[in-house]
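Basically my numbering = 1-based index in the sequence shown + 1318.
Derived by calculation from the structure, the hints in this document are not laboratory data. As the structure is a prediction and not an experimental result, all values here were calculated from the model. Just so you know, even glycine gets a beta-carbon here, dropped at the ideal spot from N, CA and C. Wrong hints could be hidden among the right ones.
Pair by pair, the computed Cβ-Cβ distance ranges are [unchecked claim]: (1) Ser1367 x Ala1331: 11 to 21 Å; (2) Arg1341 x Phe1370: 31 to 41 Å; (3) Arg1324 x Asp1358: 17 to 27 Å; (4) Leu1357 x Asp1321: 15 to 25 Å; (5) Arg1324 x Leu1347: 26 to 36 Å.
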Amino acid sequence: MPDDSRAAMQELALNSFFEKLLRQPSASLRGARSLAYRLDRFRSLRATSRRFSTS
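Just need the whole structure built from these sequences, with the hints factored in.
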């Protein structure tokens, strides 16, 4: 299970990175929206791959 915990750590770091990015006033709304969309896609992709690997 060390691999799973490493993935969780990566997601945590990714989340804080995106939060920092979104907090910057220079970030445009459209850019933030596309970033959130990309992060969402990445999350669902990861969840799908995890589901396949466990089955």
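Status of each hint after checking the structure:
no., hint, in the structure
1, Ser1367 x Ala1331: 11 to 21 Å, "19 Å, holds"
2, Arg1341 x Phe1370: 31 to 41 Å, "35 Å, holds"
3, Arg1324 x Asp1358: 17 to 27 Å, "21 Å, holds"
4, Leu1357 x Asp1321: 15 to 25 Å, "21 Å, holds"
5, Arg1324 x Leu1347: 26 to 36 Å, "33 Å, holds"
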